[in-house]
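Using the sequences provided together with the hints, build the complete structure.
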Amino acid sequence: MRTRIILLLAAILMVTTALPAAAAPKPDVDKDVELTNYETAAIVAGDSAWIALNWVGGGGDAENFQLVVKKPDPGVEIRYPDNTGTYTSLWADDMLSDGEYDFTAVHVTVPYSAGSDIKLLFTLTYDHAGKPKTRSFNVRVPVVQYAGGEDLQQVTESLGEVSLGESAWVGVSYAGLAPRLDDFQLTVTDAGGLPIVYPADGSSTSLHHNARLEDGETDVARFRVDAYDVEPGTYTIQILATYRKDATPVELTGSVKLVVVTPTG
Amino acid sequence: MKRHLPAALLTFGILLVSACSASDQAAGPTTPVDNVAPTSTTSASGVQLAAEPVSPPELDGNLTGDDLLVVIEARWMCDVQRFAYSDLNAMNGALTERLSAHGFGQTDYDTFKADLEIRVDLREQVLVEYDAYCTDG
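If you read the sequences in order, they're chains A and B.
Add 672 to the 1-based position in the first sequence for this note's numbering, that's all there is to it.
Add 581 to the 1-based position in the second sequence for this note's numbering, that's all there is to it.
Don't read these hints as lab results, they were simulated from the structure.
Here the structure is a predicted model, which is why all the values come from computation and not from measurement.
Glycine included, C-beta positions come from ideal geometry on N, C-alpha and C.
Each pair of labels, with its calculated beta carbon distance range:
id, chain 1, residue 1, chain 2, residue 2, range
1, A, I750, B, A682, 27 to 35 Å
2, B, G684, A, P871, 33 to 41 Å
3, A, Y900, B, S681, 45 to 53 Å
4, B, T688, A, S839, 45 to 53 Å
Following this line, the structure appears as structure tokens:
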């Protein structure tokens, strides 16, 4: 049984959901299958890992669900689960029902030479209402550099653009490298004159899901930038991440770029 | 979700896959690995890769049965995409850990997933819980 409320809920959900970082879902006219994360967990350069892409059905069953990566960049290696071999499918089976969540797992090897994030072009094929369909999705895989002894690494370098006269929630993603970091808090130490607001009008912000960052986890800390009465241009925002490693408090400084642009028209 | 293999074959598959702990099985049209202990490996770069979240998220202690599985399912679907896993057994082990922490086994989960296939209300509950837990902002 399929109901209109499921379709509506799925549509609303997909419009409002973006994880784990600030990457917004691309416009997508087909709503029978939706990708919920256009950005994956981070991978260390020179490393390899299984990452998950999460899907939700939005209009009837998508059967024979098969996903492949097309022409990865040189040095980037892709592998699929042994039992599917040349593609990956959903975790539970090969059909995504209306209103159902399921994910696909892909093994990605990132070359040591990778100096920045990698983009993967996924091609999805499935049967919908008896007709074969093909869709393409661009997904960003954040790449972090491991220098040894680090507990975590700042993933986000640029916060993108904010229009003059507007406010926007922006996010700085962090990838955990140590087993468990607690009480994560982020504060902006110098925004170059940009007004900064934290969630609940607090004095700092934490990670979106919880204040703990674990190894292999990527999570995002958000704050709001009010681009009122400021000069257009590129701002370097100084940030301070604090956390507790076991009983030891630790601090990590960093910075992100943000561009205030003059709205056109 | 529809099951494509008879129960006996699924059972055999579980045993076979469990015996091959180093291989990357699971995603796709076969049953997930059952009772696989979480693993943790060190990568070529020396980074300790995630085997699983260290502790499952705390849930409302008053929830039981399907209501509890709804929350577990929604949060698992959200959390799995935030982690990089050393192997698929680790990925499956993360789910197993969450289930066992609340008194469920793989069979309970398989039954729940089968119910999701036929029960719109369950899927709606997962959607709502996923939205509440995972939606940006």
